[in-house]
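> In terms of my numbering, the sequence shown has 108 at position 108, counting the first letter as 1, and numbering is strictly consecutive.
It should be emphasised that the hints constitute simulated quantities derived from the structure, not laboratory data. Every residue gets a Cβ at the ideal spot worked out from N, C-alpha and C, and that includes glycine. A hint or two may mislead.
[Claimed, not checked] Derived BS3-like pairs: lysine-lysine, alpha-carbon spacing no greater than 30 Å straight-line:
no. : residue 1 : residue 2
1   : K235      : K198
2   : K160      : K42
3   : K113      : K149
4   : K155      : K53
5   : K155      : K113
6   : K155      : K198
7   : K53       : K113
8   : K53       : K198
9   : K235      : K160
10  : K155      : K42
11  : K149      : K53
12  : K160      : K198
13  : K235      : K42
14  : K235      : K53
[Stated by the list, open to error] Beta-carbon label-pair distances, calculated as ranges:
no. : residue 1 : residue 2 : range
15  : V144      : R26       : 30 to 40 Å
16  : E239      : K42       : 12 to 22 Å
17  : R26       : S207      : 11 to 21 Å
18  : E114      : Y166      : 37 to 47 Å
19  : K235      : V156      : 30 to 40 Å
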Amino acid sequence: MKKAIYIVVFLFYSCHLSAQDTTGAREEGWPEINVFYSFNEKWRLFAMYSATKIRTSDYTDGAVGMYIDYFASSSLRKKFSPQLQDSSRGYYLWLRAGYYYSSTPQKSVSQVKEHAIATESNSRFHLPMNVLLTARNRLDWRFVNGDFKLRYRPKVTIEKEVQTIYLYCIPYFFGEYFVNFIESSSDRFRFCIGLEIKVARYVNFESYYLRQFQNGETVDAVNAVGVALKFYLSKQAIEYVFHKKKKST
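Could you put the whole structure together from the sequences, leaning on the hints where they help?
Next up, the structure:
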């Protein structure tokens with residue numbers, strides 16, 4: 001329990017430091033909702049909605065997306081803790097493809113509308129002390145205001161399950177780089193530290209602090225605090241919820 005408390009305190013302390021940043025970095029809030037629906041051991045649907053809120057203004061924008069996940073080599077699946085409903089943690093390789101749309105508000109000075117197809121592969125490696133490393137390679141096939149722009153986003157995540165009598169959570173950190181093939185001046189690097197907590201049988205809550213580093217005059221430095229509510233559903237999960245409601249009535 002002490003370890004979990006230390007992790008939570010560290011995360012909130014990091015967020016507090018970001019709020020006191022004096023480097024001129026833009027401060028943002030990133031709320032998000034994720035819904036996962038598992039059809040079987042190999043296929044899963046993922047839908048998401050996210051928003052961006054700049055602290056010093058009324059400016060907000062949002063994105064919505066839907067993806068299909070495919071989990072390869074299920075026979076090589078490693079047993080994972082049943083405490084967390086995220087089925088992807090048990091596989092060494094899984095693939096994702098989908099569509100997302102994002103737009104700035106109509107009142108914004110420079111309006112941006114983006115349609116994109118995202119394709120990615122995720123490889124997982126189980127390290128000593130039950131540490132999990134995930135290497136992701138993602139390509140975004142983007143149409144920004146009608147112009148085609150290809151972007152590559154490699155990402156490395158390190159995470160570890162922490163379980164106590166009262167709490168089940170996963171602290172993690174990752175580094176992600178955005179490579180724009182047409183406009184290299186828009187390349188950016190992000191570092192993130194976060195914590196995902198199981199709050200109900202099929203619901204997790206995630207909170208994180210992310211730092212985006214400046215790249216010339218094109219890419220601003222950003223301090224972002226994000227929160228995400230994640231729902232892990234399946235046919236069995238829905239049956240369980242409705243069966244529980246019938247019993248209570």
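> Is it true that the CA of K235 sits at most 30 Å from the CA of K53?
35 Å, violated
> For the pair supplied as a hint, K235 and K198, is the alpha-carbon distance within the 30 Å limit?
20 Å, holds
> Hey, K155 versus K53, does the alpha-carbon distance stay inside 30 Å?
It holds: about 24 Å lies between the C-alpha atoms, which stays within 30 Å.
> Compare the distance between the alpha carbons of K149 and K53 with 30 Å, and conclude whether the hinted pair is satisfied.
25 Å, holds
> Is K113 within 30 Å of K149, Cα to Cα?
The hint holds at about 13 Å.
> Is the Cα-Cα distance between K235 and K160 30 Å or less?
Answer holds: K235 to K160 is near 28 Å, not above 30 Å.
> Check the hint pairing K160 with K42 against an upper bound of 30 Å on the C-alpha distance.
24 Å, holds
> Would the hint linking K160 and K198 be met if the CA-CA limit is 30 Å?
14 Å, holds
> If you draw a straight line from the CA of K235 to the CA of K42, is it 30 Å or shorter?
Roughly 14 Å between the alpha carbons, so the hint for K235 and K42 holds.
> For the pair supplied as a hint, K53 and K113, is the alpha-carbon distance within the 30 Å limit?
At roughly 17 Å apart (the allowed maximum being 30 Å), K113 and K53 satisfy the hint.
> Does K53 pair with K198 here, judged by a C-alpha cut-off of 30 Å?
Roughly 26 Å between the alpha carbons, so the hint for K53 and K198 holds.
> Just to be careful, I want the Cα atoms of K155 and K198 compared with a cutoff of 30 Å; is the pair within it?
24 Å, holds
Of the numbered hints stated above, those contradicted by the structure are hints 14, 15, listed in ascending order.
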